[in-house]
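Colleague: Sequence:
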Amino acid sequence: MFNIDTAEEMLAAERAPAAVTSLVKRAIDVVVALGMLIFTLPITIPAALGVALSSKGPIFFRQRRTGLNGKAFLILKFRSMRVAEEGAFKQATRDDDRITAIGRFLRRSSIDELPQLINVLKGEMSLIGPRPHAVAHDVLCRGQVADYDARYMVRPGLTGLAQVSGLRGESCDNLMAERVRMDVAYIENWSVALDLKILFKTALVVLFQKTAY
Numbered sequence: 001m002f003n004i005d006t007a008e009e010m011l012a013a014e015r016a017p018a019a020v021t022s023l024v025k026r027a028i029d030v031v032v033a034l035g036m037l038i039f040t041l042p043i044t045i046p047a048a049l050g051v052a053l054s055s056k057g058p059i060f061f062r063q064r065r066t067g068l069n070g071k072a073f074l075i076l077k078f079r080s081m082r083v084a085e086e087g088a089f090k091q092a093t094r095d096d097d098r099i100t101a102i103g104r105f106l107r108r109s110s111i112d113e114l115p116q117l118i119n120v121l122k123g124e125m126s127l128i129g130p131r132p133h134a135v136a137h138d139v140l141c142r143g144q145v146a147d148y149d150a151r152y153m154v155r156p157g158l159t160g161l162a163q164v165s166g167l168r169g170e171s172c173d174n175l176m177a178e179r180v181r182m183d184v185a186y187i188e189n190w191s192v193a194l195d196l197k198i199l200f201k202t203a204l205v206v207l208f209q210k211t212a213y
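Residues in the sequence shown are numbered from 1 upward in steps of one, following full-length UniProt numbering.
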């Protein structure tokens, strides 16, 4: 376990963000995402081959997620489940027997998320922002969590303030309400410096906290 600032401390340091436009954030997204796509080729190419050889089906898993201003898009991930099960709307659980052997490794290492860099380049996602939920999941949570749709005022992200604060999962419960509160706080306090902090802490989480499954 490593020491990280609390989300409140991270936000407190950014209460007076510079007047940086969304154009700057988009430019950073494009430059960094393109660089990461090239830099991670030695990882993504073997991962794609592993998925293709491990079980029948496409290399990429595509699912409709809610994006900026509520517009749906197809999110990309390396396929981690068997094709017969992948399309069903059911949240993966620990020791889920639908997950392939290579898929479990990809999920735990977060390598399965790397194809979303393509979503970033297409303008459907940002590097940092509220995580996009499945469209079907939004229907369930919209009436149960206050201010739920506020999280879609910006492009969804590969990672976000809620994720580095330990708030994961997609159940419509008190944890989701806290995630939404954190997402809104991120939107209201956004700055380039805050994005850099979240990106750094995401790297620490991926390297040292194996909570994904």
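Hints were generated in silico from the structure; no laboratory data involved.
Owing to the predicted nature of the structure, the values given are computational and were not obtained by experimental measurement.
Mixed in with the good hints, there may be bad ones.
Stated by the list, open to error - Quick list of in silico lysine-lysine cross-link-like pairs, BS3-like style, CA-CA up to 30 Å:
(1) K122 - K56
(2) K201 - K77
(3) K71 - K25
(4) K77 - K25
(5) K122 - K201
(6) K56 - K201
(7) K122 - K71
(8) K56 - K77
(9) K25 - K201
(10) K56 - K25
(11) K201 - K71
Colleague: If a hint holds in the structure, say so; if it doesn't, say that too.
Modeller: Hints, verified against the model:
1. A hinted pair counts as satisfied when its Cα atoms are at most 30 Å apart, and K122 with K56 qualifies at roughly 28 Å.
2. The straight-line distance between the Cα atoms of K201 and K77 is roughly 22 Å, inside the 30 Å bound, and the hint therefore holds.
3. Simply put, K71 and K25 have alpha-carbon atoms about 20 Å apart, close enough for the 30 Å limit, and the pair holds.
4. Between K77 and K25, the direct Cα distance comes to roughly 23 Å. Compliance with the 30 Å bound is thereby established for this hinted pair.
5. For the suggested pair K122 and K201, the alpha carbons sit about 25 Å apart, so the restraint of at most 30 Å is met.
6. Taking the CA atoms of K56 and K201, the gap is about 36 Å. The hint is violated against a cut of 30 Å.
7. The suggested pairing of K122 with K71 holds, with an alpha-carbon distance near 14 Å, which does not exceed 30 Å.
8. A distance of roughly 16 Å separates the Cα atoms of K56 and K77; the hinted pair therefore holds under the 30 Å criterion.
9. Of the supplied pair hints, the one linking K25 and K201 holds, its CA atoms being roughly 18 Å apart against a limit of 30 Å.
10. Of the pairs offered as hints, the one joining K56 and K25 is violated, with about 39 Å between alpha carbons and a cut-off of 30 Å exceeded.
11. Note on K201 and K71: the hinted pairing holds, with a Cα-Cα distance of about 29 Å set against a maximum of 30 Å.
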